[in-house]
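Undergrad: Following the hints, complete the assembly by docking chain B onto the known chain A.
So you can see what is in the structure, the chains are spelled out below.
Number of protein chains: 2
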Amino acid sequence: MLIIEKVLLLKNSEIFKNSRETDLVEIASICEECSFDKDVLIFSKGDKGNCMYFIYSGKVLIHDEGHEIVTLGENEIFGELSLLDTESRSASVTTLADCVLLKIEQEAFYDVIATNTDILKGIMRTLCKRLREQDRVTIEMKKVMS
Amino acid sequence: MLIIEKVLLLKNSEIFKNSRETDLVEIASICEECSFDKDVLIFSKGDKGNCMYFIYSGKVLIHDEGHEIVTLGENEIFGELSLLDTESRSASVTTLADCVLLKIEQEAFYDVIATNTDILKGIMRTLCKRLREQDRVTIEMKKVMS
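Protein sequences, first through last, are from chains A and B. Per full-length UniProt numbering, residue 1 is the first one in the first sequence, and the count goes up by one each step. Per full-length UniProt numbering, residue 1 is the first one in the second sequence, and the count goes up by one each step.
With the rest of the complex left out, here is chain A (with noise of 0.2 Å):
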């Protein structure tokens, strides 16, 4: 995968939305790209997480303790908690169908972020909006509960 198709799928995510092509570079060349077949366990809960995965092509599930949490596709990230903190996977993460997926491994992403405030503040603002996002969705269930 050529360096500007990697910028491209970096850009489309939701983390590295707000962020600067030019930022995007340095975090592209950082970027493994690596195939996984179908029905493959990538990691599992518990595990020491040091990477993050952005979904080039195929289709995820993640999961725990036979719970079903959610199906990601093209464009879309996981394990990206486990980049940003240092502890271990909250869910395990399954195959569900051929992957082509671009890994980004902690210590080289901390390398690039110690001197780039910008990729810190988008991911920042990302973060925020997700808890937004869960703040409203567990008041909704607390409704439907209560």
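Hints were generated in silico from the structure; no laboratory data involved. Misleading hints may appear alongside valid ones.
For lysine-lysine, the following DSS-like pairs were computed, each having C-alpha atoms within a straight-line distance of at most 25 Å [unchecked claim]: (1) B:Lys38 - A:Lys129; (2) A:Lys129 - A:Lys11; (3) B:Lys121 - A:Lys121; (4) B:Lys142 - A:Lys121; (5) A:Lys129 - B:Lys17; (6) B:Lys59 - A:Lys142; (7) B:Lys143 - A:Lys142; (8) A:Lys45 - B:Lys59; (9) B:Lys38 - B:Lys17.
Since the structure is predicted, the reported quantities are computational estimates derived from the model, not experimental observations.
TA: Chain B alone, transformed into the frame defined by chain A:
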């Protein structure tokens, strides 16, 4: 309140607990002390938010359309998402007692973090932690509901 007292309050909060004291002195210098009587609406859901609050003393209720979401007390914070992104308030806040709060305005905050990746990383880790907690709550609720 002395700068050192403000630093200690910040250090006790989840959002800044991983930040260094030297960094917190910078943040403390932009904190404004403000008092509210009991039963005062500090902000309403939908308001444009451009600041966050630390509770030095007192108690507040976070609520949404008649639903009580959570009660917060000393050393806790609220309004932090609107400090970090540019969205409107996702819930309303009313004092349950006389309160002394520390207020941080967005513009001053961004000036400080523009050159300080460590503070940004600490905040990012905190947001990740909250997202993980929220994910856990959502999964548990889904299990209960199914």
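Undergrad: Against each hint, give a clear statement of whether it holds in the structure.
TA: Hints, verified against the model:
1. B:Lys38 - A:Lys129: 31 Å, violated
2. A:Lys129 - A:Lys11: Answer holds: A:Lys129 to A:Lys11 is near 17 Å, not above 25 Å.
3. B:Lys121 - A:Lys121: Within the cut-off at roughly 10 Å; holds.
4. B:Lys142 - A:Lys121: 32 Å, violated
5. A:Lys129 - B:Lys17: 22 Å, holds
6. B:Lys59 - A:Lys142: 23 Å, holds
7. B:Lys143 - A:Lys142: 14 Å, holds
8. A:Lys45 - B:Lys59: 37 Å, violated
9. B:Lys38 - B:Lys17: 29 Å, violated
Hint violations for this structure: numbers 1, 4, 8 and 9, all remaining hints satisfied.
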